[in-house]
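A.B. asks: The chain contents come next:
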Amino acid sequence: MTTVTAEHPGAVLRPHAEQEHRCELAALAAADDRPRPPGWRLSPWAVTTYLLGGTAADGTLITPKYVGSRRLVEVAVATLATDRALLLLGVPGTAKTWLSEHLAAAVSGDSTLMVQGTAGTAEEAVRYGWNYARLIAEGPSRDALVPSPVMRAMAGGQIARVEELTRMPSDVQDALITILSEKTLPVPELGTELQAVRGFNVIATANDRDRGVNDLSSALRRRFNTVVLPVAASAEQEVDIVTRRVAQLGRSIGLPDTPPGAEEIMRVVTVFRELRQGVTGDGRAKVKSPSGTLSTAEAISVVTSGLALAAHFGDGVLRPADVAGGITGAVVQDPVSDRVVWQEYLETVVRERDEWSDFYRACRDVAG
Amino acid sequence: MNRGSAGPGRTTRPVRHKDLPAALYGIRHHGPGSARSVRAALAAQRPDVVLIEGPPEADELTPLAADPQMRPPVALLGCVPGEPEKAAFWPFAVFSPEWQAIRYALDADVPVRFCDLPAAHQLALGGRKEQRPGADPVSELAAAAGYDDPERWWEDVVEHVPGTAVFDALAEAISILRAAPGAGADAGEEAGSRDAVREAHMRKVLRRTVRDGFERIAVVCGAWHVPALRDLPPAAADDRLLRGLPKVKATLTWVPWTYGRLSCASGYGAGIRSPGWYDHLFSCAGQPVERWLARAAAVLRDEGIPASSAHVIESVRLAGALAALRGRPLAGLEEVTEAARSVLCEGSDLLTALIQRQLVVGERLGAVPPATPMVPLQRDLQDQQRRLKLRPEAEPRDYDLDLRKPNDLARSHLLHRLIMLGVPWGAPRRSQTRNIGTFRETWQLTWRPELDLALIEASMWGSTVTAAAVARARSAASGAAGLGQLTALTERCLLADLGEALPEVLAAVRDRAALEGDVTHLMAALPALVRAARYGDVRGTDPARLGEVAAEMITRICAGLPVALTSLDETAEQAMRERIDAVHSATGLLAHGASRGRWLDTLGRLAPRCPPLIAGRLTRLLLDAGRITADDAGIRMSLALSAAAPAHAAAGWAEGFLAGSGLLLVHDGALLALADGWLAGLSADAFTAVLPALRRTFGGFTPPERRAIGQQAARLDGTGRRPAATAPAGDDLDADRAALAVRAVASILGWPAAVAS
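Chains X and A, in that order, give the protein sequences.
Under the working numbering, the first residue of the first sequence is numbered 1, with each subsequent residue one higher.
Under the working numbering, the first residue of the second sequence is numbered 369, with each subsequent residue one higher.
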């Protein structure tokens, strides 16, 4: 398969991890004298350093790719080193895909062997397909077979990535079972099989709290080691993420230049965090959590739509009334139980905060 | 690894002074590694006396450690009779080096002496031990080496030093640590500091032991103290330090302990977080990681979670790989926990917490033999029994207590506190205690032998009945399963006058109420809480916060009630009606205007759109509360009982509306006429269908009420209209005679005379 590359590398909209950090990977590999598992470009220690940042032996600065718990990264790397498949779980916006891409880039120098899980993903994407013109012209042969990214990873001893594993239909998910337990891919049409080369492994990401997912069968789940990635650790970190993403999105959808009211963003993030964690920010009182995810991604969309409302229909400043509707919709996913949760939260928490009285009124207006 | 297998040919090189016939074993309190090393070193050294860091008053208690009925974890409890706040615990687990040293000495039949500062001084000096940087010197050294778990560092570094030269190496490291500026050295040398005094006493005991002619002395003490015992300077300086120390009369005894409470040890600074893991490390015979993960899988299987051997194999591999990645010789608690989380628990926090609770902490209760000296709790109870004139007797005996008398009130408090401690000496008769508004209580007292044992077990909670009951209530609050249990606990705290425990219990009530998803649980829990809030002052307690928590619960009930009233079947409707009644009277009792108003507002909103039985009930409650007028109620009743309404729905409404008291029908002719008209208009079949509901409703009225209703109804014609000529009420009223009665009633109620007139 040939890759359509841009004439000028700089013109690529989004370079792959192994392209962007080519120098760091090379520096780490040059100085890496620790034992490497078969098929690995770097030793597990060097992979950990690549992900968490540090300095290579020749002084090259390694930027941190994942900001978070060192233990999680160590468990992930150790899992891959023991030849077990790795399942990264977490709500949207917890850097699952990001981590899987960089792990693949560091371990096998190639993060492109990727299958995107959707409701329409077919078994061919996990196993193999056929070049039908050739199949008809020449009959079944190895040349008529179109390998999937997983099959190519098996042949090359590399890491295959499966994104959003739980979005795939269950029968397609289960095609991975043989690959993970036997490390072979039978091709019955040719009466042959492909045995994985050492170094092959699978990193899957999945979202455990979203709706409309196909839960993994326990047979498949058993074949993965699970690492749960947590949400942003602090409110400041999350406000920062929301502010930056909102600004980017605002530019790309061509919103009039609206100042993203820092106070309102702080408020939205606070409400989301308190409901998600089930405890008020000051740690004094517990609150019930609604059924929805309340991810950072949803907070971003609440603020963005609020900005659109403010820009097109309001006075151009993000006001409580602009976010009240969006926030109610994000919290009340289940019309019965979530409404109780939201009411209780409004009455026992929001109402008590003096400086939040305008927000309380706006939410009460929406709730009716 | 050859832990614990010190063969006879192994040489011991403990820290030795040139003319001091003593080997110093610096240990880490509650360290399984230390325990094994000490055990091996003692077996090799064969000392003729063993000195252990601990209060010397406990010397005569040590033989009890060999009693077969003594099962660690246990603790030495030191306390001052009559001063419950002055108490200290020295806990021992099976993996405590001190415990192993005691057991070695008892098995080898050599004397054991405790050499720390006597408890009499320690308790007099008061408070907890001062926090010095070297509170756990092994942790310090481990942190310096980049470890966060000291036991890991001990295992990785100390245990792998060949032979028992461990103690030498450790003493060297501690010397450097002590000499470091600001690292406790200054504090240690400073005259009068707790450590300096304690070490002076240790040296004093050591000198005396040498003088007594022992030739092979073993000293087992915290590693921090070893450098201070290496040289014996002239006794004069130590004597000066020890002179004039404050002193109290302290008594010591053994009490049972738990692993959960090892972490809050007050005797040693070294609280530990994972007693279960340490126990496992100490007692398992090799392959600790494999055995541990197999046990974790067994815990999960007991809960019905599939955890196969394949899971265990993969977790062991992951733990091994993690240890290698982190450059450690063997997987430790961190690695096995992460491996278990990732493989066995499939990333679930809930299951990880289960393993944490059942294995890592591993709740276990110790036991002490019956020969143990009386615990202070028993003594405190005896004092109180004498003071309150309540004798423990095997024969059941009834006591009728009048809570307005101080002595009877104190008796009631004592009995309730004992129940809280699991020592049910008295049994409340005829469940009168539910009604805490009353001034009377009847108890039946029987002292059974097993209560003595229960008392010893309870002594881990404190050294007086009051202090122990407070601690027990706090712990019950954190472990309570449901909101109902918690509010009942609140009530019990008031009955037992445990005001000190209330803040914790109430905080737990608040937290549970916030998370409670089922509004019916909240409704069931509220009345006990409100009773406690309302009647607390009858019993002389101050339930200031109770009212706030109850009001908050009412807010939550108001938010959740609308949903709770949908899709109810007949039984559920009845149950809900009773709950609404209970909450309604609770809101009245609480006398908190805002939440009463909020509750009535909610009822008013809900009344038109809920099932008939409840709608009728709500209408009645609103009428009684004055929220709607009698005319409104008439309109609603006429609507509910109109011919188009299904007969059973109308009967349900009538039942809800009338249940409890028929006086309404006696006094409001319009409502009675409506009910009469509805009944008369029913077809024969429909009448039979609603008869059970009618019987339920009218059967609940008192006979005089029924008679009065009957007399009134006899004058009706069944058209639903009021009889034309009823005698206007109040015609034959004698105002003067009535005023006398009104005044008498007013003075009973305590109203000012002006209101009465």
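These aren't lab readings, by the way, just hints derived from the structure by calculation.
No residue lacks a Cβ here, since even glycine has one placed at the ideal position from N, Cα and C.
There could be a bad hint or two in this list.
Unchecked claim - Here are a few chain X residues that sit away from chain A, every Cβ distance over 10 Å (derived from the structure):
1) G157
2) S170
3) T328
Unchecked claim - Calculated lysine to aspartate or glutamate pairs in the EDC-like style (CA-CA distance at most 20 Å, straight line):
4) K286(X) <-> D751(A)
5) K773(A) <-> D865(A)
6) K572(A) <-> E818(A)
7) K286(X) <-> E344(X)
8) K183(X) <-> D171(X)
9) K183(X) <-> E124(X)
10) K757(A) <-> D768(A)
11) K454(A) <-> D751(A)
12) K286(X) <-> E508(A)
13) K572(A) <-> D427(A)
14) K617(A) <-> E425(A)
15) K288(X) <-> E352(X)
16) K288(X) <-> D427(A)
17) K288(X) <-> D338(X)
18) K288(X) <-> E920(A)
19) K572(A) <-> E583(A)
20) K288(X) <-> D717(A)
21) K288(X) <-> E583(A)
22) K286(X) <-> E425(A)
23) K286(X) <-> E920(A)
24) K615(A) <-> E425(A)
25) K454(A) <-> E868(A)
26) K617(A) <-> E920(A)
27) K617(A) <-> D751(A)
28) K286(X) <-> D607(A)
29) K572(A) <-> D607(A)
30) K572(A) <-> E425(A)
31) K286(X) <-> E583(A)
32) K288(X) <-> E884(A)
33) K183(X) <-> E123(X)
34) K286(X) <-> D365(X)
35) K286(X) <-> D358(X)
36) K615(A) <-> D427(A)
A.B. asks: Is the Cα-Cα distance between K572(A) and D427(A) 20 Å or less?
C.D. replies: 16 Å, holds
A.B. asks: Just to be careful, I want the Cα atoms of K288(X) and E583(A) compared with a cutoff of 20 Å; is the pair within it?
C.D. replies: Judged against 20 Å, a Cα distance of about 68 Å means the pair is violated.
A.B. asks: Holds or violated: is the Cβ of G157(X) farther than 10 Å from all Cβ atoms of chain A?
C.D. replies: 19 Å, holds
A.B. asks: When you check the alpha-carbon spacing of K757(A) and D768(A), does it fall within 20 Å?
C.D. replies: Distance of about 14 Å is within 20 Å: holds.
A.B. asks: Confirm or reject: S170(X) is not an interface residue toward chain A, with every Cβ-Cβ distance exceeding 10 Å.
C.D. replies: At about 17 Å from chain A, S170(X) clears the 10 Å cut-off, so the statement holds.
A.B. asks: Does K454(A) pair with D751(A) here, judged by a C-alpha cut-off of 20 Å?
C.D. replies: 18 Å, holds
A.B. asks: Run the distance test for K288(X) versus E352(X): straight-line Cα separation, threshold 20 Å.
C.D. replies: Holds, at about 17 Å.
A.B. asks: CA of K288(X) to CA of D338(X), is that 20 Å or under?
C.D. replies: Distance of about 9 Å is within 20 Å: holds.
A.B. asks: Does K286(X) pair with E583(A) here, judged by a C-alpha cut-off of 20 Å?
C.D. replies: 63 Å, violated
A.B. asks: What's the verdict on K286(X) and D358(X), does the C-alpha distance respect the 20 Å limit or exceed it?
C.D. replies: 23 Å, violated
A.B. asks: Taking only the CA atoms, is the gap from K617(A) to E920(A) under or equal to 20 Å?
C.D. replies: Given pair K617(A), E920(A) is violated - Cα atoms ~49 Å apart, limit 20 Å.
A.B. asks: Taking only the CA atoms, is the gap from K183(X) to E123(X) under or equal to 20 Å?
C.D. replies: Within the cut-off at roughly 17 Å; holds.
In terms of the numbered hints stated before, the structure departs from hints 4, 6, 12, 16, 21, 22, 26, 28, 31, 34, 35, listed from lowest to highest.
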